[in-house]
Amino acid sequence: MAAALDPFLDQVTALLPALRAFGRSLCGDPARADDLVQDTVLKAWTNRQQFQSGSNLKAWLFTILRNCYYSELRHRKFEIEDPEGICAAQMSVAPEHDAKLHLRDLNRALQQLPNDQREALVLVCATGLSYEEAADVCQVAVGTIKSRIARARDRLVEILGDDATEAVAPRSMIESRPDIDSGSTRRRTIS
Amino acid sequence: MAPRCDSKLRFVIRARVPARVLSIGTDMSEKMQPDQAIPSGESAPDQVPEWLGNRLRRMFNDVMDEPVPDEFKALLRQLEDKERGS
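Protein chains in written order, with my numbering: chain A, 1 to 191; chain B, 1001 to 1086.
These aren't lab readings, by the way, just hints derived from the structure by calculation. No residue lacks a Cβ here, since even glycine has one placed at the ideal position from N, Cα and C. A couple of the hints might just be wrong.
[Stated by the list, open to error] Label pairs and their in silico Cβ distance ranges: (1) A:GLN112 / B:ARG1084: 26 to 34 Å; (2) B:GLU1071 / A:PRO114: 25 to 33 Å; (3) A:LYS43 / B:PRO1067: 20 to 28 Å; (4) B:ASP1070 / A:ASN115: 25 to 33 Å; (5) B:ARG1058 / A:PRO114: 21 to 29 Å; (6) B:PRO1067 / A:ARG48: 22 to 30 Å; (7) A:VAL140 / B:ARG1084: 20 to 28 Å; (8) B:PRO1067 / A:GLN50: 26 to 34 Å; (9) A:GLU72 / B:GLU1071: 27 to 35 Å; (10) B:GLY1085 / A:ALA141: 23 to 31 Å; (11) B:LYS1073 / A:GLU158: 37 to 45 Å; (12) A:VAL140 / B:ASP1062: 39 to 47 Å; (13) A:ALA141 / B:PRO1069: 18 to 26 Å; (14) A:SER53 / B:ASP1046: 31 to 39 Å.
[Said to hold, decoys possible] Chain B is nowhere near these chain A residues, computed Cβ spacing over 12 Å in every case: (15) TRP60; (16) ARG74; (17) ASP116; (18) CYS138.
[What the hints assert, rightly or not] Reference listing, derived: stretches of chain A covered by chain B, where coverage requires no fewer than 3 residues with Cβ under 8 Å from a Cβ of chain B: (19) 18-24; (20) 124-134.
Work out the full structure: start from the sequences and follow the hints.
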């Protein structure tokens, strides 16, 4: 079927699923992610001379997609504030499963992270890029990637924490923590 | 393995010291050579608790498993044709 595709395009084709997944975890919106992937493919094709064969095409394409994402963000600054809406639209498929619920929650939580933390976490922990590759894609030091992942993790654990094993999230436990909060308030009142 | 990890995390959250306790893992991994510690292609880090890593990968793989829309094949075909034509 895909008979005589150019070898470069052939490789790009093989990476389309990964690009779509990366795009979706960046922006949280399937349709927008696919637009990003299209832009990425076009840019990659136009600049294919710049790609050194033998180096990591996946990381190269991720870099392009990431650039597309950020340049698009700059053009639509006001639309990034609605993670709930975006995620609701995205996960409209059969949410009755615990697993699906978990993924929807994760998606929503991911969209609450700052961009730099989200991309670092996704690149290393979801796409399977190494720390070095992720650092290349984001054009920062490996240590920066690590600390961004650490911050992303802390935030996600905070958001999803008690929900990690259960389908129903006992949100009140995360938000109020009466034992600790009341204690510190009392102390402050006394002193 | 997984339950142990979860119960530890819960303790951490209730005790409200997530940053300090969890960063122990970070410090350790930072001392290791990342390229030795993490075989490329596998998902890394002990930096991230197992349940979270699994969930992130599942999220990613779910999309990976979706069939690629035809418009992409059409686009690639178009690029290929244009190249041949010129």
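- Message: Between the beta carbons of VAL140 (chain A) and ARG1084 (chain B), is the distance compatible with 20 to 28 Å?
- Response: At roughly 40 Å between Cβ atoms, ARG1084 (chain B) and VAL140 (chain A) fall outside 20 to 28 Å, so the hint is violated.
- Could you check that no beta carbon of chain B comes within 12 Å of the beta carbon of ASP116 (chain A)? At about 16 Å from chain B, ASP116 (chain A) clears the 12 Å cut-off, so the statement holds.
- Falls inside 22 to 30 Å, the C-beta gap from PRO1067 (chain B) to ARG48 (chain A)? holds (25 Å)
- CB of PRO1067 (chain B) to CB of GLN50 (chain A), is that within 26 to 34 Å? With a Cβ separation near 30 Å, PRO1067 (chain B) and GLN50 (chain A) satisfy 26 to 34 Å, so the hint holds.
- Taking the CB of GLU1071 (chain B) and the CB of PRO114 (chain A), does the distance hold inside 25 to 33 Å? holds (32 Å)
- Task: Could you check the hint for me, namely that LYS1073 (chain B) and GLU158 (chain A) are 37 to 45 Å apart, CB to CB?
- Result: About 42 Å separates the Cβ atoms of LYS1073 (chain B) and GLU158 (chain A), which means 37 to 45 Å holds.
- Message: Quick check on a hinted range of 31 to 39 Å for SER53 (chain A) and ASP1046 (chain B), using CB atoms only.
- Response: holds (34 Å)
- Consistency of beta-carbon spacing, ASN115 (chain A) to ASP1070 (chain B), with hint 25 to 33 Å: holds (31 Å)
- Determine whether the non-interface label on TRP60 (chain A) survives the test: each CB of chain B must be over 12 Å from its CB. holds (15 Å)
- Assertion that chain B covers the segment 124-134 of chain A - criterion: three or more residues, beta-carbon distance below 8 Å: Coverage by chain B holds here, the residue count being 10 at a Cβ distance below 8 Å.
- Message: I want to verify a distance hint. Is the separation of the beta carbons of GLY1085 (chain B) and ALA141 (chain A) within 23 to 31 Å?
- Response: Roughly 45 Å apart at Cβ, these two residues miss the hinted range, so it is violated.
- Holds or violated: 26 to 34 Å for the Cβ distance of GLN112 (chain A) and ARG1084 (chain B)? violated (47 Å)
Checked against the numbered hints given earlier, the structure breaks hints 1, 7, 9, 10, 12, 13 and satisfies all the rest.
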